[in-house]
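S.K.: Just so you know, the sequences run in chain order A and B. Its first residue numbered -15, the first sequence is counted upward by one per residue in this note's numbering. Its first residue numbered 8, the second sequence is counted upward by one per residue in this note's numbering.
Do not take every clue at face value.
[Unchecked claim] Simulated pairs of lysine-lysine, BS3-like, Cα-Cα distance not exceeding 30 angstroms:
| id | chain 1 | residue 1 | chain 2 | residue 2 |
| --- | --- | --- | --- | --- |
| 1 | B | K243 | A | K115 |
| 2 | A | K328 | B | K119 |
| 3 | B | K46 | A | K328 |
| 4 | A | K170 | A | K97 |
To be clear, the hints were calculated from the coordinates, so they are not data collected in a lab. Since this is a predicted model, take the numbers as computed values, not measurements.
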Amino acid sequence: MASLDELTKSAATLSNLHIERWKGNGGRVIGSYCTYVPVEIIHAAGMLPYRMRATGSTSSDLGDVYAYRTMCTFCRHSLDQAMRGEFGFLDGLVAFYSCDHVRRLYDVWKFGKVDFPRSPFYLHFMSIPMKSDEETVEWLTSVLGRFRRSLEDHFQVTITDDALRESIRVYNERRTLLGRLYELRKADAPPLSGTEMLGIMIAGTAMPAEEFNQKLKDLLEELKGREGFSGYRARLLVGGGELEDPDYIKTIEDLGGLVVTDFLCFGVRDFWIPVEEDGDPLRALAKRYLERPSCPRMIDYPRRQEFLMNLVKDYKVDGVIMQRMKYCDTWGGEGAIMEWDLKKERMATPYMVLEREYMMGAVGQMRTRVQAFLETIGR
Amino acid sequence: MEDNLKIHRSVYDLIKGATPPGLLARWLGGVINAVDEGKPIVYHPFTTYNEIMVAMDVVSLCCEAWDIVGLQVDQDHAIRSVDAAHEAGIPPELCSFDKAIIGSILRGTIPKPAAIVQAGMPCQNAYITCQAAAALTGVPLFVCDTPYDLDEDGALDHWVNQYKGMIAFVEEHTGKKMDYDRLKEVVEESNRCVEYWLEAAELMKLKPAPRSGPLSQGTLAGMMSFGTPEGTAGMKALLDEIKDKVAKGETAIPEEKARVIWFHFQVFWDNPLMGFINELGATVPYVLFDDFRVEPVDTSSTERMLRGMARRALQSPMGKVGCGKVEILLDDMLYAAEQWKGDCIIIGANPGCKWFTGAYGLIRDACRERGIPLMLYDVDLVDRRVTSAEESRTRVEQFLTTVMDR
Ligand code: SF4
Ligand code: SF4
């Protein structure tokens, strides 16, 4: 499993060999805090899109000078790392109103309270709509046009329509390949664990898309000879917001649950639904990013909940674990709404909300709750 | 439902006989009547003015105002709803205003709507709440998508389109039709209300302050009765009261030793807190929730009027400083401190109000740079269990003593 090992290794640190090589060749890296940023535009500018994490952070002391204690701990740790200068590989950061925490985190960056890796550092904030309809697609198309121009102006590059189309093709290929991996997980004995899948997904946000696609192809080949996971107690779906720690899933899987699918941003919400390859590329991007399975920052009730229920059916899920960062409002509300809806379903899928902090602290408590949950499922 | 609304019915019974009828009586009576007669009710948050509904003769229910009314006669009203929301799985760290709305729906202590609209709310709590409300009531929801920066190219057009979408939505789900001539009358009425509001806010800049504490009538007019003669009359009465005081040379307190800029909502369950501040020798000439610095809406054509209304909807108190960049919040805070001649700033925010608490570091820096004493503290606006009245007073007293000793 050489590809799997390499991918999961790439996910284990903030930076990795791929990023170092990219930087060594004079490449630029643009960070973003969320999956709603159309990475294709960054890619078409010849730059490497990087999804912001806080991997390896052990404290938020410095970040807490600007991040209040009611900010989610992911934001506090990520800010801490930025203030400690650990994102030295970044040439810019792009954000939007993902949640009240992230937008204020961006403000702290903008006010120069972090250790900027280089000057002038590229900073851009986008007005990404919170709902999807004809009018918001038009609006987002214009917003993306301004994002494109601001990258061009700042870095003195040109982003042609052809380059955008090529980037869309590359990322669509990635979506197809990831789709094939997920398809394998529908099997009674899936060849990948949830822990491994999360590592793969994270790696994909921290390496060149072409290299990632190649690794996925290799992995699909390698998996052909792999014996699947069987003997598990229950097939689980893990959902929720920021989760970038495969050990979290591992704790669940060590207790006998097998995570066969997810509703995560390092998961299905990142790659589901391709971008149309014909027509105006910016419009196609706007449409795809608004129509993809939404996160609760979007006003999308009940479509989002229906999507989750379909995953439950398609992946033969026995139980849903909704993990949520403490203080996260969006997932806090969503956790409850999902529960109300799942209870309404005749099949009433067992469901649990697990609150967590960025750093895995109370593992014992988490194990007890998951154990009890698996028992409720009856396995 | 009859029994569940008893708190609000009892408030209405108390105030309905007043002549002329006050704005609260008009609004509450309208909602109660709609419940009794089965007329469609539309929920909206406090940043979504009800001129559209008034013009369409649709009964509008500002959810936050509903719970505030309940609080005035029963301090536990909102707490019971907050607890009901917690029991249904809503986590404690969401804004209590929102938890109270969700809990009131769960308890049936707020009338069921025919539809829900939302424009210009500053936080994710509100977006969660309207979706939760739609899930619990099963009624359709329309949220206007708010551009983050109204100065961005095309942002106002996008926002106006959203606003028009809201009108079409209300038409579709209430069976009523918008009469634009009627809307013009309503907006002219709300323009008058705003004029009085601005004049009152201007007089509050006088030193010493003629009055202290929130201009509640003005805010309530905006929340419940914008564009109605009662709303305007309520605001006019407040303005006349302040003018009268100024004419007579009366001041809020005999000796004003400090002026407090209260840069958030007032604490709705603790009205006497403002009086306590007065007893310490300080006044509160500015409350963020009253800050409604807007242009009158141009009603010379329907298009201009809709643009003006849409723009105004993004300049509501809280909405303006919350919907976009942190610079707007910081600039407005410093502007308020300068214009209302504040000696200090107090921000008592809901711990759940993350767009605000998330800016605390930058707020602190801005105040430090300008030498403005600042007090930040957690106080829940509807739930008195988070910070008690005594704790609030101790903190405020310690802070103001230092400010006045400077
Ligand atoms: S976990 Fe929640 S609060 Fe934290 S960044 Fe994500 S959406 Fe925002
Ligand atoms: S108090 Fe703050 S968090 Fe609560 S509804 Fe208002 S803006 Fe949102």
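S.K.: The structure should be examined with respect to each hint, and the outcome stated for every one.
M.R.: These are the hints, each one checked on the structure:
| no. | hint | in the structure |
| --- | --- | --- |
| 1 | K243/B x K115/A | violated, 39 angstroms |
| 2 | K328/A x K119/B | holds, 20 angstroms |
| 3 | K46/B x K328/A | holds, 28 angstroms |
| 4 | K170/A x K97/A | violated, 46 angstroms |
Taken one by one, the earlier hints fail for this structure at numbers 1 and 4, listed in ascending order.
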